[in-house]
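**Student:** In the order they appear, the protein sequences are chains A and B.
Each residue of the first sequence is one higher than the last, beginning at 1 in our numbering.
Each residue of the second sequence is one higher than the last, beginning at 1 in our numbering.
Don't take every hint at face value.
One copy or any two copies: either way a pair holds, since identical chains are not told apart in the list.
No farther apart than 30 Å at their CA atoms in a straight line, the calculated lysine-lysine pairs in the DSSO-like style are these [stated by the list, open to error]: (1) 199 - 213; (2) 103 - 114; (3) 114 - 132; (4) 195 - 32; (5) 130 - 102; (6) 37 - 103; (7) 256 - 213; (8) 84 - 103; (9) 132 - 9.
Source of the hints: derived by calculation from the structure; they are not laboratory data.
There are 2 protein chains.
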Amino acid sequence: MPTIEDVAKQAGLSRTTVSRVINDQPYVAEEKRQRVKEAMDLLGYVPNSSARRLRNQKTETIAILLPNITNPFFSHLIEAMEIKASAWGYRVIICQTHEDEKKELDYLELLRTKQVDGVIMTAVRNEWSKIKPYLTYGPIVLCNENVRGANLPVVYVDHEQAAYEATRHLIQQGCRHLAYLSGGNDSIVAQNRQKGFLKALNQSGLSPVLDEKMEGAYTIDHGRDVLHSLVQHHPNVDGVFTGSDEVAAGMIHEAKQLGLRVPDDLAVVGFDNQAISLLMSPSITTVEQPVTEMGEHCVETLVHYIEHPSVLFRQEIVFRHQLLVRDSTQQRVTMIS
Amino acid sequence: MPTIEDVAKQAGLSRTTVSRVINDQPYVAEEKRQRVKEAMDLLGYVPNSSARRLRNQKTETIAILLPNITNPFFSHLIEAMEIKASAWGYRVIICQTHEDEKKELDYLELLRTKQVDGVIMTAVRNEWSKIKPYLTYGPIVLCNENVRGANLPVVYVDHEQAAYEATRHLIQQGCRHLAYLSGGNDSIVAQNRQKGFLKALNQSGLSPVLDEKMEGAYTIDHGRDVLHSLVQHHPNVDGVFTGSDEVAAGMIHEAKQLGLRVPDDLAVVGFDNQAISLLMSPSITTVEQPVTEMGEHCVETLVHYIEHPSVLFRQEIVFRHQLLVRDSTQQRVTMIS
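This is chain A alone, in the form it adopts within the complex (with noise of 0.2 Å):
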């Protein structure tokens, strides 16, 4: 029966060109294109899909975990990712972590098993040292978390200097009672960016608002329960840094019910410019991250490292954000002028 090699040999073309043929994806020149059917057509080559990946060792599928797909910023980010695998023929599996420990260990055992051929991790609960045995089975990318010390590509945004701009922003519209939301958990993602939001408060000589109720805020109910809470216990509050737009989003329409003015009462800033604040009333300030870039470039990455295994180096990418000023910051009168 003959092989794939027997097909690049005949066709002239490498093997690689040959398996993107049969697979039927793109970024490959129609005149290859033809070459290779032809070999197969002499060679009477029949591609059988499962066959070719008992062969190969390969499953032809990666997994990318993630706390959550009921968050809009995973789940646009596994659609980039999945667009992106699928040119280059891979299929994506998705693994929910629900930030458990243990969980992830289960999930990356797919590697170890050959049920994978590569991960994408888009949070990270574990130690490194419990992640890094994993490297043996098969390449991983991190996506989203910069942890310090782990020897792979790290794709990420600058969520401390995000975090300051947002709090500067806030300040100068007229803000002095400031509160920061970490977005649910005491994630490399959280830390860094109350490190931006103190800073900011620093720099103006200003000390933070704290409320019990603001850690593990992430859902439209935490927002607004956040809200009363903040109402409650910390009347003078006047802006908020949240760390997801959903979490705003409940706390501006609790502020509404309980006849707040968003922002003239309370200025709230979001983050990921997810559909809903655009859609809010009023709508609110956000931070977006490249989405997209960032998905398509953690998969081109994996699969190098997947068609051409070695050894994986540190590797930092770090993407640019965007402050996107909207209604529920903008227009408080200033203490400046």
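Given the coordinates of chain A, work out where chain B should sit on it, guided by the hints.
**Tutor:** Positioned in the frame of chain A, the structure of chain B alone reads:
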């Protein structure tokens, strides 16, 4: 080396119970848990997840096929399914088909290549005859779509009846020029909703408003586009039944921009009771499906078939929906009084 069967024999318990204890799963009495642990100690049995998986020919992984995780209905369905699957010791992997026939079959290959033990399909694009052969390799449960003639468990709500009730409600509120937005495709769900919509119209002697932009509407942006097209080509439209809260939200937001009053000039019904339906102003009248219960039931049915392999037979489980009347349709001046 002792096997799981040896442990079961030693403890005087079933293999399943021992398996549950090893996997830290619920539903095992503390006394039995203790007996299993003692038997394991006595025999020196060390559980090894991968070895166990290989021995059982089980992957302890199930795949859920869905069109698109950016649709909150599906992401909440998955959420419920995953929690239930976890309690039974199964990992869940999520596979986006993007309503593509080829992708759907490609993900079903996971069954044939033994990468998963069973599959839940939440949408079906291929002819039943193309899906049926995969039942040889493992169980499949259908969720949300009712494929006629398919000999497997089917879990769904009655979309025809739901659409009928929503449309009747619009008519009762005084609407006389109604449009139906199909929600993106010619799926069975969309067809059934259309039947219910037309049935309600027929009963009142009304004709549907038809617009070329109406098909394929399943996002916020589509909602905006449809509204523009309606305003331009069918300015007399006074009621719309959409297949999604996102489309409804996009329409309402755009209507407000154009100075149209909702519901006075245009009444809008969504679907799925998504968070956005309560956050919008006006809040959106919508149809709620019991997502959690449906998801849980699907997983329990699938796990049953995985653990007790047998021929699948047709089994229809219809869950109850509910029309939630809110501000986007209410308090319209009726023409009856």
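**Student:** If a hint holds in the structure, say so; if it doesn't, say that too.
**Tutor:** Now the hints, each set against the structure:
1. When the C-alpha separation of residue 199 and residue 213 is checked against a cutoff of 30 Å, the pair qualifies only within one copy, where the shortest distance is 22 Å, while the shortest distance between copies is 50 Å.
2. Within a single copy, residue 103 and residue 114 get their C-alpha atoms as close as 17 Å, and across copies as close as 21 Å, so both meet the 30 Å cut-off.
3. With identical chains, the CA atoms of residue 114 and residue 132 are at most 30 Å apart both within one copy (17 Å) and between copies (27 Å).
4. When the C-alpha separation of residue 195 and residue 32 is checked against a cutoff of 30 Å, the pair qualifies neither within a copy, at 53 Å, nor between copies, at 50 Å.
5. Taking the closest pair of Cα atoms, residue 130 and residue 102 come within 30 Å of each other only inside a single copy of the chain (11 Å); across copies the shortest separation is 38 Å, beyond that limit.
6. Only between protomers do residue 37 and residue 103 lie at most 30 Å apart by alpha-carbon distance; the minimum there is 23 Å, versus 44 Å within a single protomer.
7. In the homo-oligomer, the alpha carbons of residue 256 and residue 213 lie at most 30 Å apart inside one protomer (20 Å), although the nearest pairing across protomers, at 35 Å, exceeds that limit.
8. Proximity of residue 84 to residue 103 under the C-alpha cut-off of 30 Å is found in both arrangements, the shortest distances being 26 Å within a copy and 14 Å between copies.
9. Taking CA atoms no more than 30 Å apart as the test, residue 132 paired with residue 9 passes in neither setting, with 38 Å inside one copy and 38 Å between copies.
Comparing the model with each numbered hint stated earlier shows that hints 4 and 9 do not hold.
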